[in-house]
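K.L.:
Residue numbers (this note's numbering), protein chains in the order written: chain A, 1424 to 1840; chain B, 1424 to 1840.
Among the hints, erroneous ones may be present.
Derived DSS-like pairs: lysine-lysine, alpha-carbon spacing no greater than 27 Å straight-line [unchecked claim]: (1) K1677(B) / K1816(B); (2) K1515(A) / K1429(A); (3) K1594(B) / K1594(A); (4) K1425(A) / K1425(B).
Since the hints were made in silico from the structure, they are not lab data.
Just so you know, these numbers come straight off a predicted model, no measurement behind them.
Protein chains: 2
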Amino acid sequence: MKERIKVAVMGYGTVGGGVCGVLTEKSSLLGLRSQGEGSVELKYVLDIRDLSDSPVARYWVKDIGAIVSDPDVDVVVETMGGVEPAFSFCMKCLSAGKSVVTSNKQLVAEKGEALFEQARRSNVSFRFGAAVCGGVPVLKTMVYGLAANSIRGFAGILNGTTNFILTKMFKENASFEDALSAAQRNGYAEADPAADIEGRDACRKTAILCSLAFGRHVYPDEIPTQGVTGVTDADAACAAAAGGSIKLIGWGKKTDGAVYAGVSPMLVPASHLLSHVDGVYNAAELHGDKIGSVLLYGQGAGRDATASAVAADVLDCIRRPGFDPAYSWAPSNGERVADGGVLPCRFYVRGTAADPEKAAAALSAALGTPRFLSRAGAPADELAFVTAQPAPKAHLLETLGSVTAFEALRIFPVFEG
Amino acid sequence: MKERIKVAVMGYGTVGGGVCGVLTEKSSLLGLRSQGEGSVELKYVLDIRDLSDSPVARYWVKDIGAIVSDPDVDVVVETMGGVEPAFSFCMKCLSAGKSVVTSNKQLVAEKGEALFEQARRSNVSFRFGAAVCGGVPVLKTMVYGLAANSIRGFAGILNGTTNFILTKMFKENASFEDALSAAQRNGYAEADPAADIEGRDACRKTAILCSLAFGRHVYPDEIPTQGVTGVTDADAACAAAAGGSIKLIGWGKKTDGAVYAGVSPMLVPASHLLSHVDGVYNAAELHGDKIGSVLLYGQGAGRDATASAVAADVLDCIRRPGFDPAYSWAPSNGERVADGGVLPCRFYVRGTAADPEKAAAALSAALGTPRFLSRAGAPADELAFVTAQPAPKAHLLETLGSVTAFEALRIFPVFEG
Chain A
1424 MKERIKVAVM
1434 GYGTVGGGVC
1444 GVLTEKSSLL
1454 GLRSQGEGSV
1464 ELKYVLDIRD
1474 LSDSPVARYW
1484 VKDIGAIVSD
1494 PDVDVVVETM
1504 GGVEPAFSFC
1514 MKCLSAGKSV
1524 VTSNKQLVAE
1534 KGEALFEQAR
1544 RSNVSFRFGA
1554 AVCGGVPVLK
1564 TMVYGLAANS
1574 IRGFAGILNG
1584 TTNFILTKMF
1594 KENASFEDAL
1604 SAAQRNGYAE
1614 ADPAADIEGR
1624 DACRKTAILC
1634 SLAFGRHVYP
1644 DEIPTQGVTG
1654 VTDADAACAA
1664 AAGGSIKLIG
1674 WGKKTDGAVY
1684 AGVSPMLVPA
1694 SHLLSHVDGV
1704 YNAAELHGDK
1714 IGSVLLYGQG
1724 AGRDATASAV
1734 AADVLDCIRR
1744 PGFDPAYSWA
1754 PSNGERVADG
1764 GVLPCRFYVR
1774 GTAADPEKAA
1784 AALSAALGTP
1794 RFLSRAGAPA
1804 DELAFVTAQP
1814 APKAHLLETL
1824 GSVTAFEALR
1834 IFPVFEG
Chain B
1424 MKERIKVAVM
1434 GYGTVGGGVC
1444 GVLTEKSSLL
1454 GLRSQGEGSV
1464 ELKYVLDIRD
1474 LSDSPVARYW
1484 VKDIGAIVSD
1494 PDVDVVVETM
1504 GGVEPAFSFC
1514 MKCLSAGKSV
1524 VTSNKQLVAE
1534 KGEALFEQAR
1544 RSNVSFRFGA
1554 AVCGGVPVLK
1564 TMVYGLAANS
1574 IRGFAGILNG
1584 TTNFILTKMF
1594 KENASFEDAL
1604 SAAQRNGYAE
1614 ADPAADIEGR
1624 DACRKTAILC
1634 SLAFGRHVYP
1644 DEIPTQGVTG
1654 VTDADAACAA
1664 AAGGSIKLIG
1674 WGKKTDGAVY
1684 AGVSPMLVPA
1694 SHLLSHVDGV
1704 YNAAELHGDK
1714 IGSVLLYGQG
1724 AGRDATASAV
1734 AADVLDCIRR
1744 PGFDPAYSWA
1754 PSNGERVADG
1764 GVLPCRFYVR
1774 GTAADPEKAA
1784 AALSAALGTP
1794 RFLSRAGAPA
1804 DELAFVTAQP
1814 APKAHLLETL
1824 GSVTAFEALR
1834 IFPVFEG
């Protein structure tokens, strides 16, 4: 038991600023919660920018050496973002025997293997709860709450920006472009929104969830990823007609020893809670062999929510300073994620047909009475439906190819939970 | 680090049997997850019944002395239910320096003060995650996931039996009696369902959540509790007309230093996730000053789901065998929970009026244009509405009392999140 636990924060951006705020504001509470007494105190804030006029001026250092060489620093928080220099700095801290907490999903998704290896060797704690779903303790629940379970799979709305966009399209019939502009105006989307709308952010979180759930490093480039740029207000309206909504879902499952994963827009039926998760909120469902399903929902981003997750991890490092094998994964075994397209599911399909009646009859014959969807204001040649029988995607594509009267424009899986 | 952690289970009922199953089935996994190696093993099963023909025959003991006096036992699980002898047995185990895990909400709600006191004195762990929402790690999330937050409040669907009944009334227009029978046929309700339908079970869980959230023991008898026996299919239909559903909500909040809490049916608007929590599922929303809201959802009861939560607590006891002040609360200070009726909210009201048109006009004048609700098959003298302006309940009752043309039969708060 140490009376005053000292923390260094690397990177004074939005999240780093939030973490500094929590640490200074709640120093005694954090001491009480982690050890039953004492305090948790900010000692350094590392940034290449000049912080001499900031509220953390007295903690400001420019050189990582100051943190690494100070035996008084117990825990280092990394909130710089990106892979370098965050990776080198974290490795130095771990090597110096300091526990490390990060909110950086790219770092963990791409460099987790090496970071765990060093943390194990130094027998220190390495934690990254804020990297997935921000403030919502999804990773912690998986590792500690469901500790007695083998995780069978997970699925979630892991990116708030795209969920804001899809919600706006769904609830207000906004076009994709208008919804994206609104997200940017509200500060939910970057000026360059590519990482969000192309699904890369959700993909990184999916990779982390997969790795932790199934125990070996799954890299983002293994995961088939489709963003939301192909979703239109027409799809949103068709989804409503089908009694559901379109959501960008990151998912993973383990069946017969193989790991499957993907990120793509899906039609989520209203009977599932995920279809009711709106706006910038995140939600993730975890499936365990004992618990069945558990769903967590909350703010996936934002300064204070993310800082809340980082601070909780800092406390875990204090409570359990040694390496925690349960909160880690093994190196990749070289096997890649299996192609989820082979898993049978139902599909939402929207396309065009010069003669919709004839096409509908042909599709009904070929697919076994799909459920056709109608929406107000649809062009005369639009035909949209949900297939009735689960089938692998290749099988669906083959069948659709055989119906020459119909050309498919959108094919999204139906989420089955 | 101990190679083989030994566990005793007191009470071989549904939950106890599930715990024994997890411990024997997952002995090595639990060792790995708690310590990184070794095993977690069942050593004793205590029951007054003859277990000599059961799968746990070789662990069976009838005398608590066998467990208390065996220095090899690290953790004792209590799944007997009720206050005595569970309380005496737990106290003996804690006094003997053994960590204790219980799924017994009545025990924790009524005897938590004394149990914490003994755990603190013996410096051992006392955990009870399974006592609220079964397998869903609500308490663990509050204490560890939101460790950097001050908890402002919570609200949840804490009883699966009544949620099954209300869902059946809502989705199938079943009467209360038919829905209760269905719950009994499906094994979701006891032959004597009083503790569930009168709200006592939800009240105990609310008391535990309040105590942990606000840091001092809140006793069940402090919490104004109304069950679901007063809810009819007419209310379910009116709630649907209002764009929501009736749910039994257990809630607590701390405002200006005062703790408010209650259990009662509420009209939950469809815009809130809780209105979509159906069947025997549980959900709880926690409000923290940093995180905003987090909601957890899953199976609140059942053998395996509850055993999952108990086993996770056993692992926490192994990881951190000493007393954890963060996972406890102070004794009651004698102050009782404040009357939630003073907090302004909107209300759902259903009643009768000999002349509904005249009554509606009078109510509109008195209440400031409430939203009137119509449902198919309503008797001619029925009048139901949702008030427009939040007001304390006493104020509403006074106003309703002044409208002599209308007699209120049901008054439920509108859930505001």
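K.L.:
Does each hint hold? Answer for all of them.
P.N.:
Okay, the hints, checked on the actual structure:
1. The suggested pairing of K1677(B) with K1816(B) holds, with an alpha-carbon distance near 19 Å, which does not exceed 27 Å.
2. Only pairs whose Cα atoms come within 27 Å are accepted, and K1515(A) paired with K1429(A) is accepted, the gap being roughly 17 Å.
3. Between K1594(B) and K1594(A) the alpha-carbon distance is near 24 Å, which keeps this suggested pair within the 27 Å criterion.
4. Taken as a hint, the K1425(A) and K1425(B) pair is honoured in the structure, with Cα atoms around 25 Å apart against an allowance of 27 Å.
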